[in-house]
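Visitor: If you read the protein sequences in the order shown, they are chains A and B.
Using the numbering used here, the first residue of the first sequence is number 1, and each one after it goes up by one.
Using the numbering used here, the first residue of the second sequence is number 1001, and each one after it goes up by one.
None of these hints come from the bench; they were simulated from the model.
The reader is advised that the hints may include incorrect statements.
Mimicking BS3-like on lysine-lysine, the simulated pairs with C-alpha atoms at most 27 Å apart in a straight line are [as the list claims (entries may be wrong)]: (1) B/Lys1248 to B/Lys1225; (2) A/Lys141 to A/Lys168; (3) A/Lys26 to B/Lys1013; (4) B/Lys1177 to B/Lys1248; (5) A/Lys120 to B/Lys1180; (6) A/Lys103 to A/Lys91; (7) B/Lys1003 to A/Lys120; (8) B/Lys1173 to A/Lys120; (9) A/Lys61 to B/Lys1093; (10) B/Lys1003 to B/Lys1177; (11) A/Lys9 to A/Lys185; (12) B/Lys1013 to A/Lys45.
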Amino acid sequence: MSSNFFIQKAKEIQIVIDANAPEIEKLDQEIGDGDHIFNVQRGIKLVIELESTIKDLTASKALSQIAMKVLSGIGGSSGALFGTLFMTMAKGNGIDEGIDYKKAIEIFAQGVEAVKQRGKADVGEKTMMDVLIPVSNCLKKGVEENKNKNEILSEAIDIAEKGMLSTKDLLATKGRASFLGERAKGHIDPGARSSQLMIKTVCESVLNS
Amino acid sequence: MKKFMNTADNFLKESLQGFGAAHKDIVNCYYDPNFITRASPTKDGKVALISGGGSGHEPMHGGLVGHGMLDAACPGYVFSSPTPDQMLAAAEKVDSGAGVIFIVKNYSGDVMNFEMAAEMMSGPNASVLTNDDVAVEDSSFTTGRRGVAATVVVEKIVGSLAEAGGSLEECKKLGDKVNKNSGSMGVALTSCSVPAAGKPNFEIGDDEMEFGVGIHGEPGRRRDKIKSAQEVTSELLEAINEDLKPEKNEEILLFVNGMGGTPLTELYLIFDNAKNVLDKKNIKISRSLVGNYCTSLEMQGVSITLTKLDEELVKHWDSSVLTAAMRWGM
């Protein structure tokens, strides 16, 4: 896994997010303030623009640059949360000596844990954590149980979708949607939907490679 | 939306450029990343105060940079938190080696971004988190109470202590004390429009007011039919007093803050009405501040802040200050 891997995945994510943009925007207009999709699209674009800057960098330096770009370029809570994810992954032990799928899962799980701390949100609060935490747990468990790579990734895709769908019936306690109280029920959280799509894209891409 | 602007993209930049040019004797403005510092470098050994938040609350915080108050301010886009690269660049410029105090309003985006800056900083630093708004416990943008106008009071008083040579630890302690001694609550008569959004942040009827409104127009305690100024003032003070519990004969600072679209005439009228209430309760208005300090773009609205004073706070409130928006004693 090299700096090129990050950019390639960002490009694949961009295609999927763009294709689903109207749906995510609609979800956000129903329970948020409608800017989530633009933040996500801007963030992905900024990462892709880093291609020439990071192509010769080590994984840790490339991830640090991606983190700073996302932090300053998206801003607000989303910038801080995604920035925390990449910043933590950049600090992953020994990642410059090569990243196999087990290492990738280990640093992703550390990143998700840091995002959980930063946002002070857990499963069940109608946020992207309803996707990220179960996926992270499922990946870690797969490695512990010595399952093969493709089995783990297929499970993660299913778990991400379940997590995303679970936000539909949850009451929001964090973020904009929390003000709506009962009114936010019945709507999928836009942040959960965008993270589920990103996870699905990366997992499928690695599965087929 | 009607606004003096050219394009939404250039709105903040042009405003900062104007601010920097108009007050070049007091501040320097830096761009990409955006931050504002004092025109003169931080004295050796002086703790540096850095604040910041979304733009649209001017003069907070850029207008409070200068002798006796902030060393730097980081403006985010309108109603959007600034980012860690801004805080780090500002800290780099103003840290004299004695450390940096970040003054942060309790809003999720601000808290997360300042937290990251603090983690990335190599030098000593501490943060004072303000949460003076008694209106709601959790809001659409916060966990816990919101940080609003008392932030101005914190910046004045901690700024004075830092100027007098207070240590990082002493500054942090005093900041927390001022925050704890303060309570605020606001009410809005009209909405406000973020330039990039192009439409009002919330809808409100001609005969309605939002009681307990936040500084971005986020909902407060309830939507009411508009009442007389005396009734509104009494209700605001009742909510603040219930939380702050000032004692009989206690000395306080009464701060009547305009939200951007309320004329001073009305702010002074509110001050008079507040004085009626406090006089009856034998609460002594020992210091006062009236004006637009913590605004919400063009919103017609007002907030009242009470800060319980003691000798230490009075001393630091009275000390000299020279910023674009606040100046006395020099």
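Visitor: A/Lys61 and B/Lys1093: Cα distance at most 27 Å?
Guide: Status holds; Cα separation ~25 Å.
Visitor: A/Lys26 and B/Lys1013: Cα distance at most 27 Å?
Guide: violated (31 Å)
Visitor: Given the hinted pair A/Lys141 and A/Lys168, is their alpha-carbon gap at most 27 Å?
Guide: holds (26 Å)
Visitor: Regarding the pair B/Lys1013 and A/Lys45, is the alpha-carbon distance no greater than 27 Å?
Guide: holds (23 Å)
Visitor: Given the hint that B/Lys1173 pairs with A/Lys120, does the C-alpha gap stay at or below 27 Å?
Guide: Between B/Lys1173 and A/Lys120 the Cα gap is close to 25 Å, so the pair holds against 27 Å.
Visitor: Taken at face value, is the distance from the CA of B/Lys1225 to the CA of B/Lys1248 at most 27 Å?
Guide: Violated: B/Lys1248 and B/Lys1225 sit about 32 Å apart, past 27 Å.
Visitor: Is the hinted pair A/Lys120 and B/Lys1180 satisfied, with a Cα-Cα distance of at most 27 Å?
Guide: Status holds; Cα separation ~23 Å.
Visitor: If you draw a straight line from the CA of A/Lys9 to the CA of A/Lys185, is it 27 Å or shorter?
Guide: violated (33 Å)
Visitor: Please verify whether B/Lys1177 and B/Lys1248 have alpha carbons no more than 27 Å apart.
Guide: Distance of about 20 Å is within 27 Å: holds.
Visitor: Given the proposed pairing of B/Lys1003 with B/Lys1177, does the C-alpha separation stay at or below 27 Å?
Guide: Roughly 39 Å between the alpha carbons, so the hint for B/Lys1003 and B/Lys1177 is violated.
Visitor: Has the given pair, B/Lys1003 with A/Lys120, been kept, meaning a C-alpha gap of at most 27 Å?
Guide: violated (37 Å)
Visitor: Does the structure keep A/Lys103 and A/Lys91 at a Cα separation of 27 Å or less?
Guide: Holds, because 12 Å separates the two Cα atoms, which is no more than 27 Å.
Figure legend: structure checked against the earlier numbered hints; hints not met, in rising order: 1, 3, 7, 10 and 11.
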